[in-house]
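Make a model of the complete structure from these sequences and hints.
Chain order of the listed sequences is A and B.
The letter at position 103 of the first sequence is residue 103 when you use the numbering used here, and the numbering goes up by one with no holes.
The letter at position 196 of the second sequence is residue 196 when you use the numbering used here, and the numbering goes up by one with no holes.
Take these hints with a grain of salt, some might be off.
It does not matter which identical chain is used: a pair holds within one copy or between any two.
[Said to hold, decoys possible] Straight-line Cα separation of at most 25 angstroms, BS3-like style, residue types lysine-lysine; simulated pairs:
{"id": "1", "residue 1": "473", "residue 2": "314"}
{"id": "2", "residue 1": "514", "residue 2": "34"}
{"id": "3", "residue 1": "506", "residue 2": "473"}
{"id": "4", "residue 1": "350", "residue 2": "67"}
{"id": "5", "residue 1": "161", "residue 2": "286"}
{"id": "6", "residue 1": "506", "residue 2": "314"}
{"id": "7", "residue 1": "470", "residue 2": "314"}
{"id": "8", "residue 1": "314", "residue 2": "350"}
{"id": "9", "residue 1": "505", "residue 2": "314"}
{"id": "10", "residue 1": "286", "residue 2": "321"}
{"id": "11", "residue 1": "321", "residue 2": "350"}
Simulated from the structure, these hints should not be mistaken for lab results.
Residues per chain, in single letters:
Number of protein chains: 2
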Amino acid sequence: MKPKLNLPRLLALASTCFAFFVVTASAEDAVVEKWGRFEILLNGPAEGNPFMEVELEATFTNGFETKTVSGFYDGDGVYRIRFMPEATGEWRYRTQSSAWELSNQVGEFEVVAPSSDNHGPVSVYNTYHFAYADETPYWVMGTTSYTWTHRPAEFEELTLKTLEESPFNKLRMCVFPQTHGTKMDQSQPMPPERFPFEGEGTDPNYERFNPEFFQHLEMRVQNLQDLGIEADLILFHPYDDDHIWGLDHMDDATEERYIRYIVARLSSYRNVWWSIANEFDFVRNKTDADWDRNFQVVVDADPYGHLRSIHNGKEIYDNNKPWVTHASIQNGAAADTVTAAQLYRDVYRKPVVYDELEYEGNHDLRWAQLTGEDLVHRFWAATAAGTYGGHSEFIFDDEDTSQVVWLGQGGELKGDSPERLAFLLEILENGPLGGFEPIDKWHWDPTVGQPGVQYLTYFGRQAPEEWEFKLYKGLEAGMKFKVEIIDAWNMTITPVKGVFEIGEKKDYHHYDTKGRSIQLDGKPYQALRITRVN
Amino acid sequence: MKPKLNLPRLLALASTCFAFFVVTASAEDAVVEKWGRFEILLNGPAEGNPFMEVELEATFTNGFETKTVSGFYDGDGVYRIRFMPEATGEWRYRTQSSAWELSNQVGEFEVVAPSSDNHGPVSVYNTYHFAYADETPYWVMGTTSYTWTHRPAEFEELTLKTLEESPFNKLRMCVFPQTHGTKMDQSQPMPPERFPFEGEGTDPNYERFNPEFFQHLEMRVQNLQDLGIEADLILFHPYDDDHIWGLDHMDDATEERYIRYIVARLSSYRNVWWSIANEFDFVRNKTDADWDRNFQVVVDADPYGHLRSIHNGKEIYDNNKPWVTHASIQNGAAADTVTAAQLYRDVYRKPVVYDELEYEGNHDLRWAQLTGEDLVHRFWAATAAGTYGGHSEFIFDDEDTSQVVWLGQGGELKGDSPERLAFLLEILENGPLGGFEPIDKWHWDPTVGQPGVQYLTYFGRQAPEEWEFKLYKGLEAGMKFKVEIIDAWNMTITPVKGVFEIGEKKDYHHYDTKGRSIQLDGKPYQALRITRVN
Chain A
1 MKPKLNLPRL LALASTCFAF FVVTASAEDA VVEKWGRFEI LLNGPAEGNP
51 FMEVELEATF TNGFETKTVS GFYDGDGVYR IRFMPEATGE WRYRTQSSAW
101 ELSNQVGEFE VVAPSSDNHG PVSVYNTYHF AYADETPYWV MGTTSYTWTH
151 RPAEFEELTL KTLEESPFNK LRMCVFPQTH GTKMDQSQPM PPERFPFEGE
201 GTDPNYERFN PEFFQHLEMR VQNLQDLGIE ADLILFHPYD DDHIWGLDHM
251 DDATEERYIR YIVARLSSYR NVWWSIANEF DFVRNKTDAD WDRNFQVVVD
301 ADPYGHLRSI HNGKEIYDNN KPWVTHASIQ NGAAADTVTA AQLYRDVYRK
351 PVVYDELEYE GNHDLRWAQL TGEDLVHRFW AATAAGTYGG HSEFIFDDED
401 TSQVVWLGQG GELKGDSPER LAFLLEILEN GPLGGFEPID KWHWDPTVGQ
451 PGVQYLTYFG RQAPEEWEFK LYKGLEAGMK FKVEIIDAWN MTITPVKGVF
501 EIGEKKDYHH YDTKGRSIQL DGKPYQALRI TRVN
Chain B
1 MKPKLNLPRL LALASTCFAF FVVTASAEDA VVEKWGRFEI LLNGPAEGNP
51 FMEVELEATF TNGFETKTVS GFYDGDGVYR IRFMPEATGE WRYRTQSSAW
101 ELSNQVGEFE VVAPSSDNHG PVSVYNTYHF AYADETPYWV MGTTSYTWTH
151 RPAEFEELTL KTLEESPFNK LRMCVFPQTH GTKMDQSQPM PPERFPFEGE
201 GTDPNYERFN PEFFQHLEMR VQNLQDLGIE ADLILFHPYD DDHIWGLDHM
251 DDATEERYIR YIVARLSSYR NVWWSIANEF DFVRNKTDAD WDRNFQVVVD
301 ADPYGHLRSI HNGKEIYDNN KPWVTHASIQ NGAAADTVTA AQLYRDVYRK
351 PVVYDELEYE GNHDLRWAQL TGEDLVHRFW AATAAGTYGG HSEFIFDDED
401 TSQVVWLGQG GELKGDSPER LAFLLEILEN GPLGGFEPID KWHWDPTVGQ
451 PGVQYLTYFG RQAPEEWEFK LYKGLEAGMK FKVEIIDAWN MTITPVKGVF
501 EIGEKKDYHH YDTKGRSIQL DGKPYQALRI TRVN
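Structure, rendered in structure tokens:
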């Protein structure tokens, strides 16, 4: 689908003209970190429509590995090619273009070891989990603020400050603005600061991008990277009701051009994930085949294979398709019980992230009225199912002059859940390598962990007063365990006195040799962490 | 994949030799019902290995529609070609074969309207449900008896008598025998009466089928058809522990030959469904790719497109693949709550049948110890999720000299669930056309039906004492409804006095204009049937 350069012709031209046209590109840095970003800046034609007419790419090689990467037009005669090196050492490049000024630019640069906060891009790990490229585990703790990058600068800075102080390490965010106002109310629209195409809002020129829009987006993605936050970029969404801005009914060619442009601009940012669409099935006039095609364009355009998902409304996309890296699910009911939350795992054999399990909020719409307890419970249920949760809040505060909600515009968090999610993140970080996996799936056992290493049992709303010590799978008599009682809501971890030694398997389980039970408080949201000590 | 006949050569031969070799085939009947079976019987070579060496097929046409159907060798020099006509009127055929005696046999026959009990084969209807070819609804009420066709004749007749008196209209059954004995116990094996290949059990000759084995199977499939029961034939299974009979580790070519042979023999039986495997993931040394291939062989070989599924153990096959017509799920936990039971529907957008939701039984294995209440509850939960359940029982009775269980060998039913399932089947049969569909999915509402027509709400283990009358979706103020209280366990239907009229929508629901609630018994397994009366 990608327009192909006539490379033989270009190379023939190059070898003829080499002496005259070789110039060293102006690169911002000649030294760059592994998984950092190397940028070639070129000056070229500004006349006509460079977005449509100029093709530009560069081939990078370190002698072992070769990658060809698309460039893009950034306005005012400026062209850029960005590259994220995945190996240290010497790299060289050569550009190819349909414009002679941009062709056969060559250069070299040094890729050095990553700094301590740079673990590379995140990818799937151990089928159901995630890790950074350097194999540092990545435990998803996501939130959503759809159009936080469409607000005045000062407000965006406030959002960043909030994020910095939050536990969140992934942010779902729309590239495009939405027409929804503060209270899902068209009568109170909040027009965005910028539009992705030339033309003000209602009359876009689909053949010319607005570089300033994308420069701003990039800055915000970089801000997130600096905070250690993955940017889960939503490429399309249905919140352009009645086609006000023309962003939800572009033709196929425009969609492809847009995807190739944003991927060329942003794929070198290691913290980028691609969410092909939000509530894809609510986008009118699009079929599954359209989303298949858009996925495939991303696969073709992205040289690094960043994570790819698509988020559902009421219909679920076939996440078994090979271009989907993980399931990004909206289904609050599924995330409410461990048994239900498990089911998508086996269907997809991929990581399952309940990116939308409904929101902590006080709205009269039923998807925006979870209590803090409800939301934190769903995160724990998702965890105890071997999956991941996703946060946002829709708390509208009449005394707050900002008149916005976190879900839509960012700003400040007002809910009770973020500090509890920080507590859960600590549990995840102290969990077993390989991730929390269901121990006895399809049997109502809300236990995850790694057999014989660590078990996390989450009782949710059951509120038991005691729990008979018994374990399942991968065990031998004589193994010893310590037990901690966790209060998921009150954020306490209380060690239980003594060490529990298991006997031979009886029916399906190993019991404590002394037949002991653990005494619990009879409150909801209790959990046990059981860790092997011998 | 199908071996191709050299048709041009055969036709050239045919036109040369026509005067000498044309004979009318001996067909059992010259008049056959639509969706009945027309059989051509031919005598041909018995020497060598006809299973491997002789190719035979016939092309049938009524002038509008043409179908080419494979024949098969039935031993003793006898060849058969079976055809299920799907349209009334005059049909003709001509055979093609690699053996000259079997070639260019022609004939004609009359297809008449089906008799009253013949509704044709079952296929998918309204995405999530089933109907016969004449559009008569088919409500799945399935049971399983894996190897009932491998017992002495008298015992098989007892199984048929039991089925005749039961509510079941689908039977899951293995083609191959299993090595398991009465109590899942290898020390008490029950050797089968016949093996599918020549050679006694442990040393099969994979190149020669045993026609008697298949003749017997066909007789039993026909017996089921006569009782109005669909035969969900399991082509492969893992219950040949340690490869005792060599039926779970055939090579690819043998598997394909077996599939083509059984499909040629049985696809003309209108009540056949193909279950590619039972607990496919427990068959050692097979990968998903093997099952993909076997599905594709069935698709290629079956001229009628009978229903196709594959049944899981602990891993779930990708039921979104195009050759899967419906999901045949083993997951008792999923079928235990309406919310969980719904989830596979949206994933697959196909009918979901919980063919194994665990068994009513008294075994010490935990998948065989449901109470009657548990099993009936799961059927109702599946129904209230817009899916279907599947029954079997594993009740071992020391006083019973037969020493068998229904799940394995058939015989008699001993459990409490069948009569309650007959009651549920009546509810299904009196449900709305189009099937019971979730009314407010992903919102814990255990209600199915068709908006504005009929609603079925199943409270399961909740045991409420009252229920505020409110309805969701597809409604207008002024619609009137009658209400019946159903006791799923005690099999009673109690009309509620009065007619309920709904007002305007308030938040998400329409309430009774008089604000009434329905008084319930506070017992588990209650349901409401709410039917529009104006």
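For each hint, the structure was consulted:
no.: 1; hint: 473 - 314; verdict: between (37 angstroms within a copy, 15 angstroms between copies)
no.: 2; hint: 514 - 34; verdict: neither (54 angstroms within a copy, 71 angstroms between copies)
no.: 3; hint: 506 - 473; verdict: within (12 angstroms within a copy, 50 angstroms between copies)
no.: 4; hint: 350 - 67; verdict: neither (27 angstroms within a copy, 42 angstroms between copies)
no.: 5; hint: 161 - 286; verdict: neither (37 angstroms within a copy, 53 angstroms between copies)
no.: 6; hint: 506 - 314; verdict: between (44 angstroms within a copy, 22 angstroms between copies)
no.: 7; hint: 470 - 314; verdict: between (39 angstroms within a copy, 22 angstroms between copies)
no.: 8; hint: 314 - 350; verdict: both (20 angstroms within a copy, 15 angstroms between copies)
no.: 9; hint: 505 - 314; verdict: between (44 angstroms within a copy, 21 angstroms between copies)
no.: 10; hint: 286 - 321; verdict: both (18 angstroms within a copy, 22 angstroms between copies)
no.: 11; hint: 321 - 350; verdict: both (11 angstroms within a copy, 17 angstroms between copies)
Of the hints listed earlier, those the structure fails to meet are numbers 2, 4 and 5, in rising order.
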